[in-house]
Every structure is written in C-alpha cells, then in structure tokens.
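Student: Each chain, letter by letter, is given below.
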Amino acid sequence: MNAQAKIHLDRVVKKYPGSKVPAVEELTLDIPEGEILVLVGPSGCGKSTTLRLINRMIEPSGGRILLDGEDVTKANPDKLRRRIGYVIQQVGLFPHHTIADNIATIPKMLKWDKKRITERVDYLLDTVGLPPEQYRDRYPRELSGGQAQRVGVARALGADPDIMLMDEPFGAIDPITRERLQNEFLRLQEEMHKTIVFVTHDIDEAIKMGDRIAILGERSTIRQYDTPERILAYPVDDFVNDFIGNGSTIKGLNFLQVSSLRLSDYPALRESESAAAGLNLLQEKGRDWLVVLDGEGRPVRWASQEQLGQAGTGDMRGVGVEVGDHLKDENTLFEALELMVQSAAGRTCVVDDAGQFQGIVDMGHLNKAIRTAQSEARRHYEELEANA
Amino acid sequence: MSQSALALGNTSRPKKTIDGSRGAYLIDRYGLVVAPFLIAALALVLFLYYQSLDVPNAVTQVRTSLDPEELRAETLRHIEISFLATLLVLVVAIPAGVLLTRPRFRRLAPFVLGIANAGQALPAYGLIVIGLTISGQGVFSVVWTLALFALLPVLRNTMVGLQAVDKNVVEAGRGMGMTKMAILFKIELPLSIPVILAGVRTTIVITIGMAALAFLIGGGGLGITISTGLKLAQDSVLIVGAVLVAIVALTFDWIAACAERLLKPKGL
Ligand SMILES: Nc1ncnc2c1ncn2[C@@H]1O[C@H](COP(=O)(O)OP(=O)(O)OP(=O)(O)O)[C@@H](O)[C@H]1O
Ligand SMILES: [Mg+2]
Chain W
1 MNAQAKIHLD RVVKKYPGSK VPAVEELTLD IPEGEILVLV GPSGCGKSTT
51 LRLINRMIEP SGGRILLDGE DVTKANPDKL RRRIGYVIQQ VGLFPHHTIA
101 DNIATIPKML KWDKKRITER VDYLLDTVGL PPEQYRDRYP RELSGGQAQR
151 VGVARALGAD PDIMLMDEPF GAIDPITRER LQNEFLRLQE EMHKTIVFVT
201 HDIDEAIKMG DRIAILGERS TIRQYDTPER ILAYPVDDFV NDFIGNGSTI
251 KGLNFLQVSS LRLSDYPALR ESESAAAGLN LLQEKGRDWL VVLDGEGRPV
301 RWASQEQLGQ AGTGDMRGVG VEVGDHLKDE NTLFEALELM VQSAAGRTCV
351 VDDAGQFQGI VDMGHLNKAI RTAQSEARRH YEELEANA
Chain L
1 MSQSALALGN TSRPKKTIDG SRGAYLIDRY GLVVAPFLIA ALALVLFLYY
51 QSLDVPNAVT QVRTSLDPEE LRAETLRHIE ISFLATLLVL VVAIPAGVLL
101 TRPRFRRLAP FVLGIANAGQ ALPAYGLIVI GLTISGQGVF SVVWTLALFA
151 LLPVLRNTMV GLQAVDKNVV EAGRGMGMTK MAILFKIELP LSIPVILAGV
201 RTTIVITIGM AALAFLIGGG GLGITISTGL KLAQDSVLIV GAVLVAIVAL
251 TFDWIAACAE RLLKPKGL
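The listed protein sequences correspond, in order, to chains W and L.
The first sequence begins at 1 in full-length UniProt numbering and counts up one residue at a time.
The second sequence begins at 1 in full-length UniProt numbering and counts up one residue at a time.
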C-alpha cells in the first residue's frame, strides 16, 4: 500500500481456538518507518494480540505480515524475533542472570564477540540512565520497578533492532516515574528513529507518545487512525469521542505552538514614561490593561486604567501587578492557557529570545487556533471521504 | 527416619512472618552446619554401644552379624542400592517431568501422576514382591522397584517447578527469539532447580529407608542385619542395623542439602 511502510499488516485475522468471535478481524494497517504508532483502545479489544501477531508470538489465522516489504508470515519465528525488540509490562527479566547478562541475551544468541558485547551492554546501560559500574553485576531482584523497566528496554535494544514492540511498558509504574520514563524514551527515540508499535489503554499516554494513534474497537477494528492532534481536533464518531473523554479540545492545545499565532498589536510602554502617557495610550487603543516594560523592553507588570489613574503625575515605576511567566515561540498553547488563567489581565505576554516584548496571547487566539485546527481536520476527513 | 529428614529437608524459603515458627527457620538456616555434628554424635553413641557389646566374645550369631567386615559390606551395599535407585529416578523422572509440562504431552500428566501416586501408595513390601515376580531375584529387581516407589517426589517437583516459572520470564525469552530448547535449558530448568532438588532429597531418603527391604529379594544391604536381629531376637543386632540405616539416611540427606545450597542459581 504505502511505499514507506516499515510494517504492513494485510487483512490479518486471529481467532483463538474455542472462541466464536475473532480477537482480530481482518486488520489492515501500515506502520510508517521511524515513527511511534500507538495502539490504544478499551481493555480486551485485542491490542496485545495485534502486537504479538507482528513478531509471531501468536500465529495469525489468516492474512499476511510484511516487514520492509518481505512477507514474514512463514519465516522462522525465532530468527524473526531477534530482529524485533519486545518489551512487556511485566518486564520478565531473567532472575538468575545479572543485568549485564540479561541485556546481552540477544547479542549472545547472535554470537557477537565478548568485547563487542561488553561495550554494547555498557553503552545501553548508559543510554537508559543506569551507570554501568553500579548496575552491571546486579541481579534483577535488586532493582526497583522503574529500574527493571529501564533494563527491559535496554535488553530489547540489545542487538539494535529497527523495530520495537512495546506492550504497556510503563503501565505498572507510579505516575511520576512513568512520566520520567516516557520523557526519556521520547528523547531516546529522537536519536534512534526506530519504528515502534506501542500499546497502551491510557489515551493520555497515547497522545503523548504517539506520532500516530490507532484507536481500536472490539475485535481490533480501527475506529480512527491519525496523528494525535487530528484525532483530538476531530474525533470521527461517538466511540472515539467517548474514548478520548472530556477535555480533548484542551489537550489539543498541546499540539499548537505560540509561533503559529499572529500576535495582535498591543499597547506597551517603558516604565520611565509617565502614567499619563500610559493612560492616553490605553484610551487611544481602547484597551483596559497596559504592558509596562523595563529599561530593556522586557515586560514586567500589567497596569490597569484605574491603577494608572491613581499613579498621578510620576512615571510608571511600581505601578500595576507582576506579569508572571512569559511565553516564547516554542511554548504550546496549553502552556499559554495555563499562564493566561493565572494572569491578572487574562492575557499573557510573549517575548523573544532576548526577553523583549513581542505581543500578547489572549483567549481569542486560543479560540481561533482551535477552531482552525478543527475545521482543517474536518476538511481533511471530508476530502478523504470524497476520494473514497 | 523420614521424620528427621522432613525436619532437615524443609526447603521452603524462611518465611518468618507467614508460618511464624522460628524453629523451622532456625533449622533451615543452621541445619547445614548443625546436622554433621548430630550425625557425628549419633555415630559416636553407636560406636560406644558397639564397644560395650564386646562382639568378639558374643554368641555366634551376634558375632557373625556384627562382624565389622560384614557390617561394612552391607552398609556399602545399602548405599549402592539406594544410589542406583535414585540415579534411575533422576534419569526417568526429570525428563518425564519436562515432557509432561510441554503442551503436547500435558494431557497425559494426570495419568502418569496417577501411576506414580499408586507406586508410592502401594505397600513397599507388596511392590518388592511384584518386582520379584516380574524380574526375579537380585539387585536389578530391587533397584527398579525402589525407583518406582520413590519416583513421585522428583516427578512431581519437576512438574511443579517448571510450572511455577514466571510466565513473563518465558514470554520475554520467547520474544527475544530464544528457541524452545534454549528456554528449557537456560531459563526453565535453572529456575526450577531448587524445587527439583527438594524432590531429589526426599527421594534419596525414601530409597535409603526402603532399601532395608532389599534383602527380601536377594538385594542385600543393612536389611539383612536388621532382620537377623528380629529373627533371632537379638536386640543389639537390630539396634546396630537400624541406627546404621539412620546414619546413612541423615548423611545423604545432609549431602543433598549442601548440593541444594550450592546448585541454587544466584539471584534467586
Ligand atoms: N490465549 C488466548 N486464548 C483465548 N482468548 C484469548 C487469548 N488471549 C486473549 N484472548 C481474548 O482475545 C481478546 C483480546 O485480548 P487482548 O489480550 O489482545 O486484549 P488487550 O486489548 O490487550 O486488553 P488489555 O488492555 O486488557 O491488555 C480478549 O477478548 C481475550 O479474552
Ligand atoms: Mg494487553
């Protein structure tokens, strides 16, 4: 189908013996190279089954699986699995092997020489943030859950596979550690560019980790397959809408950046100017709040008409309330919203790298940005439908 | 005999909080060190008792039965029979246990366990007589009937041990492309060693105890000494024979316990 699909599932079916309905029903799916595809859906919908069909931990009852265009449905499953990293929630480290030996499992099977294996193990331990001198010779029972999961990831990366399958890898870990592991893994992926299929039942994790998300319904049918931002902007049906839950629009703000906004002209004056000049400017522009800048042009305070009026004849030093944190181009609109609701003026200032005032973001910006994203997504789906 | 073996043979990990018996914990912890002293003390008592009997000047039957050369030969014979029977158990029961936990043969498991159960449930005496009628007098008959009698612990523990291996560990191994053989020999069996060895220990103690019946079908062993003591109503001969069996059983139980400690994979 798609030229750059790393993994292609072609009408794959899995029927477990003894069950009437298939766990996976005629699934056709392209997994693009170098991206994270998240399979997400309610419990029992067939996510794990789908994942395990790819490395043939489960033999498909029908259909074909292609890796790099090569049909592996009949390939030797053991050899196939050595090319594919596999990480599970319960990790499954070998309790009687040291951490180093655990990580060396696949390189040893591939008969790498000792020196290369040692170097690889140390490199991988470093990569997942466990100092080799300290952890190499430990046994799995001497690790915390988070550390064990890091070793699980390192072990799956053992022979540098270009595909990784991960089944709720961070599912059994406390929220703080999970967040850290997610972030570290995303940073790692920026360097690795592996093709990753990631299973979770947590939509927030899916939104965070996925370059693309496939929302699965019963029998592993694809209900929506798209980028997280488009799914959030335009859930195709009630099932998807219910699954992504409340606040999906707000979550969508995570994918929009301040740099995408056209900032409006906004009244700002240096604090060395007189309060009267400030008041004039506000009246001229028809605004309620003035941004007061310091000597270098950095926003420091919000001053209202009333506050300026009370300031009398002096300059604006000390007039108004602190502006708080600023936004920069690379901040998301979600962060903008957070600052905005804390701000006295209901707006928040954007600065450049030098800290100089560039303009403000207000609710109108967010509203417009979201509506644009939604209508773009709707148009995208309408085009798809028209072409179909 | 099997009582003391049970006490020494408590292989479950010390769970102070669960069973709360500090005694069992201490035996488990210090049994390995203390057992040799107990065995030596028992041997010393036997030796002193033996000296007090003044064998060279005793009645003829006592003199021949308790002749040091004779006792040494029967003890060695006893050990040999038990050793062969245990060996046979290992060779049969461990592979059988492995096969019966593979998907292909899993359905046979209850059937085979039934036979092994029956083997142990039959009176040992009866089993030995069956051995006699099937393969006649001699060491061969003794060894296979003893093995059948003592098969169950190793068979059952092999199966239990293999089944108790964490499924996720096997899943991870499979997911990395380990072959079925590699998973069996590098993961499942090493992780089951503690449980299997516990079964082996029980088997050793059972065979040593039951080997005392070997003399019934011409197998020799310390059973001869004991039965002579019984037949002739010579308590001294009976006591020396029985205590020797106990010493042999305790000694080998201790050796097996040491092996258990040494062979247990690191990291467990
Ligand atoms: N080995 C099996 N034999 C029979 N049925 C199975 C087997 N494994 C899974 N199933 C069934 O297949 C369906 C899909 O299971 P699967 O484990 O793929 O779901 P999942 O989406 O991963 O769920 P979860 O989020 O709870 O992990 C379920 O209805 C399950 O009962
Ligand atoms: Mg699952």
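Hints were generated in silico from the structure; no laboratory data involved.
Hints may contain errors.
Claimed, not checked - Here are the simulated BS3-like pairs of lysine-lysine, each with C-alpha atoms no more than 27 Å apart in a straight line: (1) 74(W) with 180(L); (2) 167(L) with 108(W); (3) 111(W) with 231(L); (4) 180(L) with 231(L); (5) 79(W) with 264(L); (6) 266(L) with 114(W); (7) 108(W) with 208(W); (8) 115(W) with 186(L); (9) 114(W) with 208(W); (10) 74(W) with 208(W); (11) 328(W) with 285(W).
Every value quoted in this text rests on a predicted model; they were computed, and no experiment measured them.
Student: All hints, please: hold or fail.
Tutor: Do the hints match the structure? See the list:
1. At roughly 18 Å between alpha-carbon atoms, residue 74(W) and residue 180(L) fall within 27 Å of each other, so this suggested pair holds.
2. Our distance criterion of 27 Å between C-alpha atoms is met by residue 167(L) and residue 108(W), whose separation comes to about 22 Å.
3. Restraint check for residue 111(W) and residue 231(L): not satisfied, since their Cα atoms lie roughly 67 Å apart, outside the 27 Å limit.
4. For the hint linking residue 180(L) to residue 231(L), the alpha-carbon distance of about 57 Å lies beyond 27 Å, and the restraint is violated.
5. At roughly 31 Å between alpha-carbon atoms, residue 79(W) and residue 264(L) are farther apart than 27 Å, so this suggested pair is violated.
6. Pair hint residue 266(L) plus residue 114(W) holds up; C-alpha atoms about 22 Å apart against a cutoff of 27 Å.
7. Straight-line distance between C-alpha atoms of residue 108(W) and residue 208(W) comes to about 34 Å, which puts the hinted pair past the 27 Å bound.
8. A distance of roughly 22 Å separates the Cα atoms of residue 115(W) and residue 186(L); the hinted pair therefore holds under the 27 Å criterion.
9. Between the alpha carbons of residue 114(W) and residue 208(W) the distance comes to roughly 38 Å, so the proposed pair goes past 27 Å and is violated.
10. As the CA atoms of residue 74(W) and residue 208(W) are separated by approximately 35 Å, the hinted pair breaks the 27 Å bound.
11. Between residue 328(W) and residue 285(W) the alpha-carbon distance is near 25 Å, which keeps this suggested pair within the 27 Å criterion.
When the structure is compared with the earlier hints, violations turn up for hints 3, 4, 5, 7, 9 and 10 and for no others.
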